[in-house]
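A.B. asks: Sequence:
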Amino acid sequence: MKRFYRPLNPFRTPLPKVLCFDEFKSVRGVSGAMSFIMMDGQTQRLLDIVENRQLLFLKRYFSHFSREIREAVEWIVIDMYAPYVSLVKKLFPKAQLIIDRFHIVQHIGRTFRNHRIKETNQLLKSKEQKHYQLGKQLKRYWKLLQKDERKLDYTRRLWRPGFKAHLTETDIVDRLLKGSPALRVGYQLYQDFLYAVKERDYVSFEELLTNNIMLPEGYQTTLRTFQKISATNQKCFTTKLFKWPT
1 MKRFYRPLNP FRTPLPKVLC FDEFKSVRGV SGAMSFIMMD GQTQRLLDIV
51 ENRQLLFLKR YFSHFSREIR EAVEWIVIDM YAPYVSLVKK LFPKAQLIID
101 RFHIVQHIGR TFRNHRIKET NQLLKSKEQK HYQLGKQLKR YWKLLQKDER
151 KLDYTRRLWR PGFKAHLTET DIVDRLLKGS PALRVGYQLY QDFLYAVKER
201 DYVSFEELLT NNIMLPEGYQ TTLRTFQKIS ATNQKCFTTK LFKWPT
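Counting in UniProt numbering, the sequence shown runs from 1 upward without gaps.
Honestly, the hints are just simulated from the structure, not real lab data.
Just to be clear, a hint being listed does not mean it is correct.
Stated by the list, open to error - In silico PhoX-like links for lysine-lysine, alpha-carbon gap of 25 Å or less: (1) Lys90 - Lys235; (2) Lys94 - Lys59; (3) Lys90 - Lys59; (4) Lys147 - Lys118; (5) Lys147 - Lys198; (6) Lys25 - Lys59; (7) Lys90 - Lys151; (8) Lys198 - Lys143; (9) Lys164 - Lys178; (10) Lys139 - Lys164; (11) Lys17 - Lys89; (12) Lys235 - Lys94; (13) Lys125 - Lys136; (14) Lys118 - Lys143; (15) Lys228 - Lys90; (16) Lys127 - Lys139; (17) Lys89 - Lys143; (18) Lys136 - Lys147; (19) Lys139 - Lys151; (20) Lys59 - Lys89; (21) Lys228 - Lys94; (22) Lys130 - Lys164.
Stated by the list, open to error - Quick list of simulated restraints, FRET-style, between CB atoms: (23) Gln133 - Ser204: 31 to 37 Å; (24) Asp79 - Gly162: 34 to 40 Å; (25) Gln122 - Asp79: 28 to 34 Å.
Each residue gets a CB set at the ideal place from its N, CA and C atoms; glycine is no exception.
Sequences are here, hints too, so could you generate the full structure?
C.D. replies: Have a look at this one:
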């Protein structure tokens, strides 16, 4: 990996004012299951890689930078990996912490995906033909449910073997959700979060966090996670200092 970038000399190299922290699955021969990656938040230039993202390793790594260099960092963009919060508070006391909007979308998307898979598997085990058939349709057309509903094609009617009819993408989604009221509730919440995040509508985002609709536990866990980082969330809706993933 280091053939493709020049690692930082932590004793001399200044850090950019906007840092992005992320991780990726480690390669063989390193100590951690996940490795840490650091980028310049404004240029998206890769700065360095640490073989283990665990807090102990990161504290040791960033301690090599002088306090003056660390205090010059103004913003740090992270996902929802809790140790990053502790790291920033301890070693970057002047930096403001921001949750990457991409990871908010990813988190709620994963929650809906798990709900969809569970619902699909239950339907496929049903002895009722209509429920079993719906399970097969959900398994076949699942990608449309994960898609931003504003990007669904509502004009082209194509032959859909799973339904034995000519349907648009929006027609398919409507039919899938009509047969599963519980999944419809989860789908609408997922789509509402997508809209709020992509449109930077923090008021709507906050309203969704207090959603009292009966939802499966997976959603409640996700909402509680978002509530814990609520103050940090607001910054990611208003700050435009860096390029967000699309």
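A.B. asks: Decide, hint by hint, whether the structure agrees.
C.D. replies: Structure-based check of each hint:
no. : hint                        : result
1   : Lys90 - Lys235              : holds (20 Å)
2   : Lys94 - Lys59               : holds (16 Å)
3   : Lys90 - Lys59               : holds (9 Å)
4   : Lys147 - Lys118             : holds (18 Å)
5   : Lys147 - Lys198             : holds (13 Å)
6   : Lys25 - Lys59               : holds (20 Å)
7   : Lys90 - Lys151              : violated (42 Å)
8   : Lys198 - Lys143             : holds (19 Å)
9   : Lys164 - Lys178             : holds (17 Å)
10  : Lys139 - Lys164             : holds (16 Å)
11  : Lys17 - Lys89               : holds (16 Å)
12  : Lys235 - Lys94              : holds (15 Å)
13  : Lys125 - Lys136             : holds (11 Å)
14  : Lys118 - Lys143             : holds (15 Å)
15  : Lys228 - Lys90              : holds (19 Å)
16  : Lys127 - Lys139             : holds (17 Å)
17  : Lys89 - Lys143              : violated (39 Å)
18  : Lys136 - Lys147             : holds (19 Å)
19  : Lys139 - Lys151             : holds (20 Å)
20  : Lys59 - Lys89               : holds (11 Å)
21  : Lys228 - Lys94              : holds (21 Å)
22  : Lys130 - Lys164             : holds (14 Å)
23  : Gln133 - Ser204: 31 to 37 Å : holds (36 Å)
24  : Asp79 - Gly162: 34 to 40 Å  : holds (35 Å)
25  : Gln122 - Asp79: 28 to 34 Å  : holds (31 Å)
Checked against the numbered hints given earlier, this structure breaks hints 7 and 17; the rest are met.
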